[in-house]
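Can you make the complete structure from the sequences, with help from the hints?
This is what each chain is made of:
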Amino acid sequence: MDHSNYQTDYKHVGQPYSRKDAQKKVTGQAQYAIDLDLPGMLYGKWLLSPHARAKILSIDTSAAKALPGVKAVITGEETDILVGLYMQDKLAMAKGETRYQGEVVAAVAAVDLQTAEKAISLIKVDYEPLKPVLDVDEALDGDILVHEDINELKHVEGVFFPQKDSNIASLNKAKRGDVDKALQEADIVVESEFSLPAVAHAPMETHVTIVQADPYSNRIVVWSSAQSPFALRQMLAHSFKISESDIEVNIPFVGGAFGGKAGIHLEPLATLLSKAANGAPVKLIPTREEEFNQLPTRAGMRGHIITGAKKDGKITAVKVVYDWDSGAYADYGVNVGKTAVYSGIGPYDIENAAVVSKTIYTNKVFSTAYRGFGHLETHWTIERQMDIISQKLGIDPLDLRMKNLLEPGSRTISGELISESSGSVKDCLAAVVKEIGWTGRKTEEERRKEWATGKVRGKGFAVLQKAPAMPANTSTSVIMQMTGDGRVKMMIGAIDYGQGANTTMAQIAAQELDLPIDRVEVVENLSTQTNPYDWNTVASKYTFMGGNAVIRASRDMLRQMKDIAAQVLHSTADHLAHGGGYIYHIHNPERRIAYEQLALGYQYPDGSGIGGPLISHGVYMADGLTNLDHETGQGKPALVWTFGAHAVDLEVDVETGSITILKVASAFDIGQVINEKLIYGQICGGVLQGLGSAILEGYKFSPDNRLLNPSFTDNKIPTMKDMPIEVVPIYIENPQKNGPYGARGVGEHPMISVPSAVGNAVYDALGINFHVLPLSPEAIVLGILSGKESILCTDVNCLPGCY
Amino acid sequence: MLSRFKYLKPHNLNEAVQYLEKEEKSFVLAGGTDLMILLRRNLINAEHIVDIKGLPEMAEFEFIDGAGLTIGASVVVNTVVDSEVVKTKYPALHQASASLASFLLRNRATVVGNICNASPGADLPPALLVYDAVVNIAGPQGMRQVPLHEFFTGVKRTVLQRGELVISVQLPDPGDGDKSIYLRQARLRGHDLATVGVASRIKPDGKVAIGICAVAPTPLRLFALEEKINERELNQETVEWAAEEIKQHIHPITDVRSSAQYRLQMASVLLKRGLSHLITKEDNHG
Amino acid sequence: MVDHKECSLLDEHIASNQRKVSLTCVVNGVEICDTIDPTMTLLHFLRDRLKLFGTKESCGEGECGACTVIMNGKAVTSCIILAIEADGAEILTVEGLAKDGRISILQEEFISEDALQCGFCTPGFLMSTRALLDRNPDPSEEEIKEALAGNLCRCTGYLPILKAVKKAAERERKELK
Ligand SMILES: Cc1cc2nc3c(=O)[nH]c(=O)nc-3n(C[C@H](O)[C@H](O)[C@H](O)COP(=O)(O)OP(=O)(O)OC[C@H]3O[C@@H](n4cnc5c(N)ncnc54)[C@H](O)[C@@H]3O)c2cc1C
Ligand code: FES
Ligand code: FES
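First to last, the protein sequences are chains A, B and C. Following this note's numbering, the numbering of the first sequence begins with 1 at its first residue and continues without gaps. Following this note's numbering, the numbering of the second sequence begins with 1 at its first residue and continues without gaps. Following this note's numbering, the numbering of the third sequence begins with 1 at its first residue and continues without gaps.
Incorrect hints may appear among the rest.
[Unchecked claim] If the Cβ cut is set under 10 Å, some of the chain B residues that face chain C in the computed set are:
#, residue
1, Y7
2, Y19
3, K22
4, M36
5, R41
6, H48
7, F103
8, L104
9, G190
Quick caveat, the hints were computed from the structure, so don't treat them as lab data. Here a beta-carbon is modelled for each residue, glycine too, at the ideal position from N, C-alpha and C.
Right under this line is the structure:
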């Protein structure tokens, strides 16, 4: 769709409408999966492996089975339901062996939660603990295989590449030019390593799931706090070898997702329990502890980067290896690894580049998609490295970046051409550095002076890019109907888990149909029985794809109205226009028919009717994307890039290591603001999540890979006292030709590169390069005490769990 | 929660004591902000829960000139935070109270519960210790008093015997010219258990008292360090010296919250900051 | 010091096998009498017995504030309070904020400032804020943060919530004299 005529003032697009479901949410009426209370419902509980890797010698469930109120007890021994998104590597319950502390070993369904919990406490499991694969180094040694059967694992071929007899779930790569030669010819070569730990999504509602599996047929009904109903339906059908049409997935309000609720999680387990309990609905409510221990996380990562540059700051070569500590199962982790290839050098135009990305199995809780889909991690590598290069070259980091950033005519590492319509990362960077008043790095002398006061200010910035990471043939669809009173109800395939999809889509429909916003409604609480297909509500793709689909559905509906109106008005459709709830004649607006007169078909004065109930649909399929060549990484993976930049002004307490974030300026080239209020929320929320990753969050593991902080007591997320004093959002609007009104997605981007900007600001403040996250008070102090200029993981981590 | 307890809310102290003595696996419930977590995580198996919030003795919260401050066992932390007399007379206790958990929790958490829970990282003991707090205990044998520094016997362990419960904690009147401060370091600004917490006090006679948490199995009063400091003239130089010296007096461990090294360093920084603050200020307002 | 004469009720309690307790309280202005298991938390009493699902559970350990209700005028985390502790208490939940068919100013401001995204934390924030504004109609920014920092939100980044609270306080001072 080419909306070549960009306007700046639309009636509805661009309006800061309040989100449509807000009233339900402030009155406690919004029902989430955790609030559903079905007749005859049982409660599930499950037993988690206490060992990172162990043989299951025996399981004794007799006492649990004997407990009054227990309706079902199951173990992995009795089932072999395989689950897997891209790699079929996971069983619904462990069988014979457990691969991470937190893997489900047995489960029960009982009349209430207390009984279920009691039953679980009565199950006895005999384990033989085995030596776990602790981290990526051990995994790459390959002495122990997390999946002995890796050579036989079924997977999506041609996209993911498991390596024979190894712990590498997928190895993806891309290259451009001749890196080794360019490195040899460079004036300077800078080699660094950066790392960061696994981090929790921490949605406020855990992965609550209810399943009712009909004992007399294949029919399965799911209610789940999930973000990908159609992918879930497909995978569940695949796991249970039934038809997708046997499955009904219902998604009520969802209490936060952030990628962690994409794909399939507790649904197979709940299905097994419901089947075992003779078809009663079974509700699984993971506790916060289970959420941390059992449910997937963002992978830890180590990036090794070698950059070659000329004295003038032109970067001529970059070579990166990303090692993802993806835990015991591949889930979305392999796709994160793949994305790190085509987006793996950041928004830079570098002639000679090579990226290798390995998604690696270890005996830890497995990883999945998390807001940013690997980009926070890769940009931690790229954008810290840029700062270090600028230090070495003595060039201002702003100038260095400006010299190398993508611009129209540049090509990305996968060979995509950047055009005027792609958005401008330079505009974003220029805007944020201006906002924080960047005048160049602090001198050593200035630093020393401030240090004496105990508090040092620092400024830093970082750029970012991300395109939706999705299959080349990703699609979405919308159904639109008109009620008898001329209002519009839409069913979409995406979930509104707070990002505001329902409101944004309503605005676009209101714009297209020229209806007041309160006359357009997106039906809440999606069901796969009624709502049309969407691939997954992930990847910041929905404003773009869903928006285009809604435009098409709206135009289809207008066309239908005009066809009927043409007959009634004795005209032709191309002489008709729409506005204010009417179809009217362009030369004589008084010749008109109200929408409501057409909604259910037009009725003539004699009572007869023509037309019929108005129903339209719109679809959008990604256009022009291709898979990537395995050897070179060349292809067209990106539907639309959204570029951005963050700049941070902070203060470090040099004695305690505490960082105060004074200001964050964030700019994104979003093409067109559809709803400023909603985008502002995405930015504030994303920035704070990014700050969490930057200075606070992370999993910690014991020497035998047990998670040491599976609770909010020790796995902290920022509170209201931890937010920045000021967040300045900046919207750049270089329109995207094929986007709805020129818009691009921005759901994930506010989180990406925040740690990089913070790390760069900390360098500005302290003159120390941190290579490891989080920049916790402890890390800062130990870093300072170490007396080193570069702080690696081993310098600040007294516990294992990083690299 | 696997515990299947009976619940009792006694109307008088006798009932409470007798019940606790008679019944095994009985636990006192005050605000429940520790106890409920233990129950939920199945770290204890309770058969009886004795809710003491109905006992009139426990509600006492009173300052008497010369005699000092009594904080009953059902007095919640926010009451202490809001108290003007605590703010002016016991600034370190005010600050420690205001730093404990979150506002929501402080509406329930009691001061005495914080002591009885005997967590190494509890925030209130350092401040109570520097004020020579005394714990009033009721039991089958009657009443007894234990100085707070003798109350803790190990991680989550106290001198309380079966059938005993704490009625109140009592702080002497510090008199005029007393100064104190509580400083803590945590992983974030929002609610978090302290990585280290240090209470520093300079008494009207110029002598120093130091209490600390999260560096040993129990909260500590650093008597030996105090003695060494008190041998010197209290000036900035002594403060700097003490900040180094404290590292000889504590032996923190590494755990999920912090490394031993960072704890040592923070103990030093917080003591230095606390004492520096106290010696450079004129009034005694926190 | 134990006076055994006083303990007859106590003996009865000890001898009895009955664990159930009876609970009387007022929830959102309605008196409730019930017999419950003493292990039941106030949160589960509200949700499972009274079917007031507005109050949420997210951590169950006092860390997140999703379960915040107002009990005798104070905002508290209902997940770590036994239901029986609420005997004789007055409880206000999110369902009790709107009056006479109209949502309150506070709720209106949460909507108009977009102080919510997924909305799961919202009831907790509303209750913490309600208690704050009841005791302090004109809170400073620091006081707001102090009162609300026990409520976690993973979506909004808190800035919109802070704004909503400030605006609600201002409007309440003007409009509800
Ligand atoms: C989210 C969260 C954050 C927290 N943050 C902090 C923090 O920052 N700093 C901190 O110090 N603490 C913190 N705590 C711990 C807790 O809130 C405090 O220790 C609180 O003061 C305990 O008081 P309570 O009244 O709730 O105790 P309860 O839980 O009722 O009791 C605690 C223990 O003491 C016993 N007990 C209570 N009263 C008596 C009595 N009178 N006689 C004998 N035994 C008794 C109980 O049986 C129990 O074992 C936190 C807790 C949570 C859940
Ligand atoms: S659910 Fe009660 S505080 Fe988190
Ligand atoms: S709105 Fe989702 S957690 Fe606050």
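Checked hints:
Given hint, Y7 of chain B at the interface with chain C, holds; its Cβ is 4 Å from that chain's nearest Cβ, closer than 10 Å. Annotation: interface hint on Y19 of chain B holds; nearest CB of chain C at approximately 6 Å, less than 10 Å. The interface hint given for K22 of chain B is met, as the beta carbon of that residue sits about 6 Å from the closest beta carbon of chain C, less than 10 Å. The criterion of a C-beta within 10 Å of any C-beta in chain C is met by M36 of chain B, whose closest approach is roughly 4 Å, and the hint holds.
Among the interface hints, the one on R41 of chain B holds; its C-beta lies about 8 Å from the nearest C-beta in chain C, closer than the 10 Å criterion. At about 9 Å, the closest approach between the beta carbon of H48 of chain B and any beta carbon in chain C falls short of 10 Å, and the interface hint on this residue holds. Of the supplied interface hints, the one on F103 of chain B holds, with its beta-carbon coming within about 5 Å of a beta-carbon of chain C, less than 10 Å. This hint holds: L104 of chain B has a C-beta 4 Å from the nearest C-beta of chain C, less than the 10 Å allowed.
About 5 Å separates the beta-carbon of G190 of chain B from the nearest beta-carbon of chain C, less than 10 Å, and the hint is met.
Consistency note: the structure conflicts with none of the earlier hints.
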